[in-house]
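Asker: Listed here are the chains, written in short residue letters.
Protein chains: 2
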Amino acid sequence: MPKFGIVIHGGAGTILKEKMSDDQEAQIRATLRLSLQTGFTVLKSGGSSLDAVQRAVNVMEDSPLFNAGKGAVFTHDGDNEQDATIMNGPTGQAGAVGGVRRIKNPIDLARTVMEKSPHVLLISAGAEQFAEQHGFEMMDPTYFHTELRRKQLAAALDKERASGGNDPGSITLSEDGKHGTVGAVALDQEGRLAAATSSGGMTNKKFGRVGDSAQPGAGTWADKVCAVSTTGHGEYFMRGVVAYDLAVNMQYRGMPLAEAAETTVREKLDATGGTGGLIAIDREGNFVLPFNTKGMYRGHLMPGEDPHVAIWEE
Amino acid sequence: MPKFGIVIHGGAGTILKEKMSDDQEAQIRATLRLSLQTGFTVLKSGGSSLDAVQRAVNVMEDSPLFNAGKGAVFTHDGDNEQDATIMNGPTGQAGAVGGVRRIKNPIDLARTVMEKSPHVLLISAGAEQFAEQHGFEMMDPTYFHTELRRKQLAAALDKERASGGNDPGSITLSEDGKHGTVGAVALDQEGRLAAATSSGGMTNKKFGRVGDSAQPGAGTWADKVCAVSTTGHGEYFMRGVVAYDLAVNMQYRGMPLAEAAETTVREKLDATGGTGGLIAIDREGNFVLPFNTKGMYRGHLMPGEDPHVAIWEE
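Protein chains in written order, with the numbering used here: chain P, 18 to 331; chain E, 18 to 331.
Some hints here could point you the wrong way.
Where chains are identical, the list cannot tell them apart; a pair therefore holds if satisfied intra-copy or between any two copies.
Dumping the calculated DSBU-like pairs for lysine-lysine here, alpha-carbon to alpha-carbon at most 30 angstroms [as the list claims (entries may be wrong)]:
hint : residue 1 : residue 2
1    : K36       : K61
2    : K168      : K133
3    : K241      : K176
4    : K34       : K133
5    : K176      : K61
6    : K36       : K133
7    : K121      : K36
8    : K168      : K121
9    : K34       : K20
10   : K61       : K34
11   : K311      : K36
12   : K176      : K133
Source of the hints: derived by calculation from the structure; they are not laboratory data.
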């Protein structure tokens, strides 16, 4: 049987079983399964890992349940500013966008940056101008306004006021919205690896904060050996260059995937107080999904298996 | 004699001796010397490497001769959009800004992001709002308008028109403006390493392009072992995670600084067609300044030495 497959995450954080209804949980699991099956169908029919990770991420972007695309969290000013990165292992090409507000599927725009521009990262209004000229539909900002995220912003603002956060230059982070991000990594039948990550960032974020999801090497990585997508408190992943660190643990320290991932989580997250998780797959089809938070929405689908999804430790 | 010192660069690229007047060359060398002496004075009096790299970069930002601060190149729309990153080795903290238009010294704002916010990267209008609330003077955009950069934009636009670049979504890069960036790395008397990079990006850039100078790991790195600042065609440095790659060549592959730098330039730039250079210093005070372009503005100053500056191969 050829080695191929897909691994996804839908965010890590303080996800508590007692705070989630059975119905919510069922919806989340169903969307993760749909994401896996959508990506896997591409791989099974001989498509590229690049198409597979993009389509898998699209499913989570289009769901209000995850902090990316439709379900992106609100900024302090009541906007939704999104980051995304895609990377193609065989070529080492990467595309990313930061702080975009009117793009339904930021991962599609990241791919267009990679394929139709000489650049890696485009941001804000400039990125949207590029999108418009490449035929992207500009969404009305209300498309991204969901009740759940509105409540999370209100709660974050209440907490900020309660803690005396009146200094206009101050920044109060919300625990709730800190860890949402979606991502996928895949190996296709031709042995090509790819990774994709898309994120609404942090609830109540201010001042044009951009996170690791817009930075190849930090939140996303793919080369000829492995593909990685991360989720968590982005600043720790940026300072630790986490996704690339896992890759060089394999290539420079000679570690197999599982040891490389464990080492990166220990040295770059546990050691610094960083919280979150990651998914990674290597060219042999080995994969890992470690996290150091209460939970991480995640799943994998390999040939001859049923889609496997999980939220908490198993 | 205690080991300490500073190394700087003022950009790498197709710098041709025959295209530079004696007067221009003398001005550039004098500014590089002033930058070195300014940073070195901090170190000699027992100050931190963090202060030293910031002050050294300030000197180049305030000069119209380098593509950062005052001398930043023009975007396609006639603006100046700047990126900068600073990183503190002992703590692993980093601060960065991308696409800022009204900040005289972007490296100062990067430091304020590092020290006064929980974030790593702030962009565009949001970053300027943060700057304003932290007491930064908002410059009139005309402060950054210099005759040299205006001519470079006009030449780039002419070239774009001549090559039929009428497709509004297309991007034509200018060779001239591709490689300007300034940076500094330093080791202080307490053995602390720091790195800083500031850049106006590329002449004629469009669509909110942000380069490696806004990304810790790509254009800037500092830890307890080495400090790195890069200059060149930023997209190659982003895809190669060049600054961090040098650091892990030392830490994970056990290479001494010179071999680590040589390996990174060979594997991450020469192998991919990337052009540029970098400066790096380690905790023993060893330093390197490799580049694969015609020239790189650069210099170093160590205890008991005169400032040493250079432009071409020696």
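Asker: Compare the structure with each hint and give your call.
Answerer: Structure-based check of all given hints:
For a Cα distance limit of 30 angstroms, the shortest separation of K36 from K61 qualifies neither inside one copy, at 37 angstroms, nor across copies, at 57 angstroms. Taking the shortest alpha-carbon separations for K168 and K133, only the inter-copy value of 28 angstroms comes in at or below 30 angstroms, while the best intra-copy value is 38 angstroms. For the homomeric pair K241 and K176, neither the shortest alpha-carbon distance inside one copy (45 angstroms) nor that between copies (37 angstroms) is at most 30 angstroms. Taking identical chains as interchangeable, the C-alpha atoms of K34 and K133 are never at most 30 angstroms apart, the minima being 43 angstroms within one chain and 35 angstroms between chains.
In the homo-oligomer, the alpha carbons of K176 and K61 never lie at most 30 angstroms apart, since the shortest distance is 48 angstroms inside one protomer and 46 angstroms across protomers. For the identical chains of this complex, K36 and K133 are neighbours neither inside a copy (44 angstroms) nor across copies (34 angstroms), given an alpha-carbon limit of 30 angstroms. Proximity of K121 and K36 under a CA criterion of 30 angstroms is satisfied intra-copy only: 29 angstroms inside one chain copy versus 49 angstroms between copies. In this assembly of identical chains, K168 and K121 lie within 30 angstroms of each other by CA distance solely inside one copy; the values are 21 angstroms within and 39 angstroms between copies.
In this assembly of identical chains, the alpha carbons of K34 and K20 never lie at most 30 angstroms apart, being 34 angstroms within a copy and 55 angstroms across copies at closest. In this assembly of identical chains, the alpha carbons of K61 and K34 never lie at most 30 angstroms apart, being 34 angstroms within a copy and 57 angstroms across copies at closest. In this assembly of identical chains, K311 and K36 lie within 30 angstroms of each other by CA distance solely inside one copy; the values are 12 angstroms within and 62 angstroms between copies. Proximity of K176 to K133 under the C-alpha cut-off of 30 angstroms is restricted to the inter-copy arrangement: shortest distance 20 angstroms between copies versus 43 angstroms within a copy.
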